[in-house]
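Chemist: Letter by letter, the chains look like this.
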Amino acid sequence: MIKVVFFAALREQLNCGELTISSENITTVADLKQQLASRNEQYQALFANTSLLSAVNHDMVDGEQSIKSGDEVAFFPPVTGG
Amino acid sequence: MQAVSKQRLKIKIMNQEISIQIADFSLADEVALLEQDNAIDGAIVTFTGRVRNHNNGMDVSGLTLEHYPGMTEKSLAKIINIAKTRWNIGRVKVIHRIGALDIGEQIVFVGVTSKHRHDAFAANEFIMDFLKVQAPFWKKERTEQGEAWLDAKATDDSKAQKW
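Protein sequence lines correspond, in order, to chains A and B. Going by my numbering, the first residue of the first sequence is number 1, and it counts up by one from there. Going by my numbering, the first residue of the second sequence is number 1, and it counts up by one from there.
Please keep in mind that the hints were generated in silico from the structure rather than gathered at the bench. A few of these clues could be false.
[Unchecked claim] Calculated cross-link-like contacts (lysine-lysine; reagent style BS3-like; alpha-carbon spacing at most 25 Å): (1) Lys159(B) <-> Lys78(B); (2) Lys115(B) <-> Lys78(B); (3) Lys84(B) <-> Lys162(B); (4) Lys3(A) <-> Lys159(B); (5) Lys78(B) <-> Lys3(A); (6) Lys140(B) <-> Lys153(B); (7) Lys68(A) <-> Lys33(A); (8) Lys33(A) <-> Lys74(B); (9) Lys78(B) <-> Lys68(A); (10) Lys74(B) <-> Lys68(A); (11) Lys74(B) <-> Lys153(B); (12) Lys74(B) <-> Lys140(B); (13) Lys115(B) <-> Lys84(B); (14) Lys140(B) <-> Lys84(B); (15) Lys3(A) <-> Lys68(A).
[Stated by the list, open to error] From the structure, some residues in chain A lie toward chain B, with a derived Cβ separation under 7 Å: (16) Ala8; (17) Ala9; (18) His58; (19) Gly63; (20) Pro78; (21) Thr80; (22) Gly81.
[Unchecked claim] Label-pair distances were calculated between CB atoms; the ranges are: (23) Gln34(A) <-> Ile82(B): 48 to 58 Å; (24) Thr85(B) <-> Ala30(A): 46 to 56 Å; (25) Gly42(B) <-> Asn49(A): 44 to 54 Å; (26) Ser61(B) <-> Ser23(A): 39 to 49 Å; (27) Ala28(B) <-> Ser69(A): 41 to 51 Å; (28) Asn25(A) <-> Ala28(B): 54 to 64 Å; (29) Ala77(B) <-> Asn49(A): 41 to 51 Å; (30) Gly57(B) <-> Asn49(A): 41 to 51 Å; (31) Ala77(B) <-> Ser23(A): 25 to 35 Å; (32) Asn57(A) <-> Arg50(B): 44 to 54 Å.
Each residue gets a CB set at the ideal place from its N, CA and C atoms; glycine is no exception.
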């Protein structure tokens, strides 16, 4: 299983902070994004946004990053702290 | 025995470099900690970020800050470590507040010490510029029109890229 977490505007728009998803057929962040996008129209629209950032196990990564069962993958909008 | 206690002291100081907190902080106390038992550094540069009463031409009444616990600390630690390899700096302290904040409240503190001023000035700005684009914090603004998540600024990306 892969733990998926969402933050800020994305979390509110999906009305979901966290979910777990089977790691079957998922080898990269891009695969996971594609699978999430196929859940429904709202996921599809939000995951089509190219400015969305991803992190695996608390490190910022790009779509090519490989992932495995037990990983925590986060998706969130560009950061605005400071 | 002495080596052990020195190592412990080092770990203690390192753990105190980053604080993500709801509570406010005292600039005077933070400067005192950077100065305490630190006779080798002649320079202290501090930056404090506060909540503005306006943004993009709109009146702002306050902010709510969300973050990604765990990743926030990891990302700030990475930024601080890069700063330490690029400049000859002594102590570093980064504080970032989370939760609901009103106009004029302090949001963020970056303090850096060094033997001479150049390193502390440069490292402080570097840490702030990378915090802005890499540390997972998000601001939600309260205005008369309601609440809205802030959009990231392209100028923040270009500032970080200059380093």
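Chemist: Each hint needs a verdict: does it hold in this structure or not?
Modeler: Status of each hint after checking the structure:
no. : hint                              : verdict
1   : Lys159(B) <-> Lys78(B)            : holds (18 Å)
2   : Lys115(B) <-> Lys78(B)            : holds (22 Å)
3   : Lys84(B) <-> Lys162(B)            : holds (18 Å)
4   : Lys3(A) <-> Lys159(B)             : violated (33 Å)
5   : Lys78(B) <-> Lys3(A)              : holds (23 Å)
6   : Lys140(B) <-> Lys153(B)           : holds (14 Å)
7   : Lys68(A) <-> Lys33(A)             : holds (14 Å)
8   : Lys33(A) <-> Lys74(B)             : holds (24 Å)
9   : Lys78(B) <-> Lys68(A)             : holds (24 Å)
10  : Lys74(B) <-> Lys68(A)             : holds (21 Å)
11  : Lys74(B) <-> Lys153(B)            : holds (23 Å)
12  : Lys74(B) <-> Lys140(B)            : holds (23 Å)
13  : Lys115(B) <-> Lys84(B)            : holds (13 Å)
14  : Lys140(B) <-> Lys84(B)            : violated (32 Å)
15  : Lys3(A) <-> Lys68(A)              : holds (10 Å)
16  : Ala8                              : holds (4 Å)
17  : Ala9                              : holds (4 Å)
18  : His58                             : holds (4 Å)
19  : Gly63                             : violated (18 Å)
20  : Pro78                             : holds (3 Å)
21  : Thr80                             : holds (4 Å)
22  : Gly81                             : holds (3 Å)
23  : Gln34(A) <-> Ile82(B): 48 to 58 Å : violated (33 Å)
24  : Thr85(B) <-> Ala30(A): 46 to 56 Å : violated (32 Å)
25  : Gly42(B) <-> Asn49(A): 44 to 54 Å : holds (48 Å)
26  : Ser61(B) <-> Ser23(A): 39 to 49 Å : holds (44 Å)
27  : Ala28(B) <-> Ser69(A): 41 to 51 Å : holds (50 Å)
28  : Asn25(A) <-> Ala28(B): 54 to 64 Å : holds (57 Å)
29  : Ala77(B) <-> Asn49(A): 41 to 51 Å : violated (29 Å)
30  : Gly57(B) <-> Asn49(A): 41 to 51 Å : violated (25 Å)
31  : Ala77(B) <-> Ser23(A): 25 to 35 Å : holds (28 Å)
32  : Asn57(A) <-> Arg50(B): 44 to 54 Å : violated (33 Å)
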